[in-house]
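If you read the sequences in order, they're chains A and B.
Residue numbers for the first sequence, in my numbering: 768 to 885.
Residue numbers for the second sequence, in my numbering: 2 to 542.
These aren't lab readings, by the way, just hints derived from the structure by calculation.
Yeah, the Cβ is synthetic: ideal placement off N, Cα and C, and Gly gets one too.
Misleading hints may appear alongside valid ones.
[Claimed, not checked] Under 10 Å between C-beta atoms, here's a sample of chain A residues computed to sit facing chain B:
1) S794
2) V807
3) V811
4) G817
5) A821
6) P832
7) T841
8) V873
9) A875
[Said to hold, decoys possible] Quick list of in silico lysine-lysine cross-link-like pairs, DSS-like style, CA-CA up to 25 Å:
10) B:K382 to A:K802
11) B:K382 to B:K454
12) B:K127 to B:K47
13) A:K835 to B:K382
14) B:K260 to B:K378
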Amino acid sequence: MDSDMPWKGSGARGAGGTLQPPLQPMSAAAKRLRKVGPLVSRIVAALFGGYALAALGSVAALALPMSKPQAVLTGMLASFAIYAGAVIWVFAARSALRAWAGLLAVAAPLLLAAWSVW
Amino acid sequence: MKTKQEPRPAGRGIRQSMSDLHTWTGLLLGWILYAMFLTGTVAYFKDELSQWMRPELPHQVQVPDRAVVAQRIADELGTLASGSPQWGMRLPDARNNSVQAFWRTSSTPGQRGFGEANLDPSTGRKVTSRDTLGGDFFYRFHFQFHYMPAVWGRWIAGVAAMFMLVAIVSGVITHKKIFADFFTFRWGKGQRSWLDAHNALSVFGLPFHAMITYTGLVTLMALYMPWGEQAAFKTQAERQQLTAELSAFIQPGRATGEKVPLASVEDMVWQAQERWGRDNVGRVTITHPGDAAARVAVARGEAGRVSMSPQYMEFEGATGRLLGIREGVGPAAETRGVLYALHLGRFSDTVTRWLYVLVSLSGTAMVGTGLVMWTVKRRQKLPDPDRPYVGFRVVERLNVASIAGLSVAMTAFLWANRLLPQTLAERASWEVHMFFIVWALALVHAVLRPPRKAWVEQLWTATALLTLLPVLNAVTTQRSLWHSLAEGDWVFVGMDLMCWALAVLHAVLAMRTARHRPELQSVRRPDRQPASGVALREGEA
Numbered sequence: 768m769d770s771d772m773p774w775k776g777s778g779a780r781g782a783g784g785t786l787q788p789p790l791q792p793m794s795a796a797a798k799r800l801r802k803v804g805p806l807v808s809r810i811v812a813a814l815f816g817g818y819a820l821a822a823l824g825s826v827a828a829l830a831l832p833m834s835k836p837q838a839v840l841t842g843m844l845a846s847f848a849i850y851a852g853a854v855i856w857v858f859a860a861r862s863a864l865r866a867w868a869g870l871l872a873v874a875a876p877l878l879l880a881a882w883s884v885w
Numbered sequence: 002m003k004t005k006q007e008p009r010p011a012g013r014g015i016r017q018s019m020s021d022l023h024t025w026t027g028l029l030l031g032w033i034l035y036a037m038f039l040t041g042t043v044a045y046f047k048d049e050l051s052q053w054m055r056p057e058l059p060h061q062v063q064v065p066d067r068a069v070v071a072q073r074i075a076d077e078l079g080t081l082a083s084g085s086p087q088w089g090m091r092l093p094d095a096r097n098n099s100v101q102a103f104w105r106t107s108s109t110p111g112q113r114g115f116g117e118a119n120l121d122p123s124t125g126r127k128v129t130s131r132d133t134l135g136g137d138f139f140y141r142f143h144f145q146f147h148y149m150p151a152v153w154g155r156w157i158a159g160v161a162a163m164f165m166l167v168a169i170v171s172g173v174i175t176h177k178k179i180f181a182d183f184f185t186f187r188w189g190k191g192q193r194s195w196l197d198a199h200n201a202l203s204v205f206g207l208p209f210h211a212m213i214t215y216t217g218l219v220t221l222m223a224l225y226m227p228w229g230e231q232a233a234f235k236t237q238a239e240r241q242q243l244t245a246e247l248s249a250f251i252q253p254g255r256a257t258g259e260k261v262p263l264a265s266v267e268d269m270v271w272q273a274q275e276r277w278g279r280d281n282v283g284r285v286t287i288t289h290p291g292d293a294a295a296r297v298a299v300a301r302g303e304a305g306r307v308s309m310s311p312q313y314m315e316f317e318g319a320t321g322r323l324l325g326i327r328e329g330v331g332p333a334a335e336t337r338g339v340l341y342a343l344h345l346g347r348f349s350d351t352v353t354r355w356l357y358v359l360v361s362l363s364g365t366a367m368v369g370t371g372l373v374m375w376t377v378k379r380r381q382k383l384p385d386p387d388r389p390y391v392g393f394r395v396v397e398r399l400n401v402a403s404i405a406g407l408s409v410a411m412t413a414f415l416w417a418n419r420l421l422p423q424t425l426a427e428r429a430s431w432e433v434h435m436f437f438i439v440w441a442l443a444l445v446h447a448v449l450r451p452p453r454k455a456w457v458e459q460l461w462t463a464t465a466l467l468t469l470l471p472v473l474n475a476v477t478t479q480r481s482l483w484h485s486l487a488e489g490d491w492v493f494v495g496m497d498l499m500c501w502a503l504a505v506l507h508a509v510l511a512m513r514t515a516r517h518r519p520e521l522q523s524v525r526r527p528d529r530q531p532a533s534g535v536a537l538r539e540g541e542a
């Protein structure tokens, strides 16, 4: 039934890995932020973080042992799979924080590879 | 309510998140995706549509010898586009009875002005048919829309395609029993039926849908992901290495200024025919025609291989001497060429082309049923079915206009082709304006009418327009169905029959929608709810 109130489950989990007991008094704005914040964070991570990771991957492909035009094309071809995979990861992760951490963990080696050829 | 307090098992949690992701990536750009899918499907027949939309051009009984045509067109371009630094032409084939010629109008590098014309292969003159974009309108709309700079449209199409890719992957993860789902169909069960239809359409064509979405992104990947290219190449000359891997475009060197007439183009095309087959020569590109530095590239046709990677013979324009043959590119470039070709499907023979269209239609229906399901699923839980919340109403009405309304608008475009006066200024643009005017009217209608009535009325409108189109064609042109049958003109026969087949499809949808009573079912039979709740958890979409 959760699917009718999208993100409710994942949003609440995202606040820190645990579910918030609904009894605690909280101001309406803070409540809203707690609920929506992690979701917004995930959407940003998916849209922009995912693209950044894909772009980084396409540059890192230049480090592959092949001629420049082939490496450029390989990077372009693979980038959309990286992007799609990143988006799936971001929404599959248990919390928004873990989603970002996962993106960064993959970005680090890619950054090293990209650095070597820039 | 109670279930919310309990921590859920991890598997269920992921499936739920993926279900939500699928729902929202599918919905947010779903209307754009539906239009891209449907116009893209139709674009597989763009050459046939162009033939139909230029009824003045006679039915092509036999494809003329391309070598002779190439010479004829080159001669014509000598007067039509003299002084241009580059000419190009797409030679006629079995599906195409005119020659598409284009030329650069400016010799200043950096400035990009193009002229283009449709030329008659038998005379070389501009075709004397009504002014129309033909099937190319749907083809271009499919990836760059209209009324906006092409680059914007391409970015929108790219974002939509990326959403589609995510929706496909998350949709697959959502289904634990993807194979079993394919064989499950529960007729006349409201939401269950929509879900089953959506699953069957998606699973049946899954390899195609995934392929077409990914390859769609590949066709414009240099626009979407330019970063590797920018990091790797610092100068224009370096970048040239990449261009050479992607297209048969030969870089115009510097013109000498010394005037030397072009050697026989017919002879060059003939050499290419010797190599690749009589019917397998595609484009001819000529740089600096009439100059001592002229170069001619004759490209291999698209039949006989599933790749768009460049294969061409290059000739010295002044002497006709063969300079080189390019028949291979690097592995990554070849991969890209294959993916590109898979998307465009130009290698197809008639049977493969029909398969493309049918599976692509199932993809269109997948997007359509998904959009409708969003409302069907939520309608049952509305507190007051007569007064749904704003978001629900927006989706409901956009669905009508973008699904039923698009059928009406696309057919109206074809009506405009037959009805607009031939002398009308900007006639080709007006055909397109009519498409958008009718589509906008469909949206207004969907907003003003109760949703179910709007569906039914628009579906019947599409049915009527489709049914009468062959009649309109018979009245306004010399090429009625009986005439086409007698001539063996299968493009025109196919077009008429296709209109009627689609009319039947729309009529069936209209009748089913008219008979359907969604709200009553859920309100009157609350005893059904528990059963459907169980099924819902099994096949959450």
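Consistency of the hints with the structure:
{"no.": "1", "hint": "S794", "verdict": "violated (22 Å)"}
{"no.": "2", "hint": "V807", "verdict": "violated (13 Å)"}
{"no.": "3", "hint": "V811", "verdict": "violated (15 Å)"}
{"no.": "4", "hint": "G817", "verdict": "holds (9 Å)"}
{"no.": "5", "hint": "A821", "verdict": "holds (7 Å)"}
{"no.": "6", "hint": "P832", "verdict": "violated (12 Å)"}
{"no.": "7", "hint": "T841", "verdict": "holds (4 Å)"}
{"no.": "8", "hint": "V873", "verdict": "violated (16 Å)"}
{"no.": "9", "hint": "A875", "verdict": "violated (18 Å)"}
{"no.": "10", "hint": "B:K382 to A:K802", "verdict": "holds (23 Å)"}
{"no.": "11", "hint": "B:K382 to B:K454", "verdict": "holds (21 Å)"}
{"no.": "12", "hint": "B:K127 to B:K47", "verdict": "holds (20 Å)"}
{"no.": "13", "hint": "A:K835 to B:K382", "verdict": "violated (57 Å)"}
{"no.": "14", "hint": "B:K260 to B:K378", "verdict": "violated (72 Å)"}
The structure does not agree with the numbered hints 1, 2, 3, 6, 8, 9, 13 and 14 stated previously, though it agrees with the rest.
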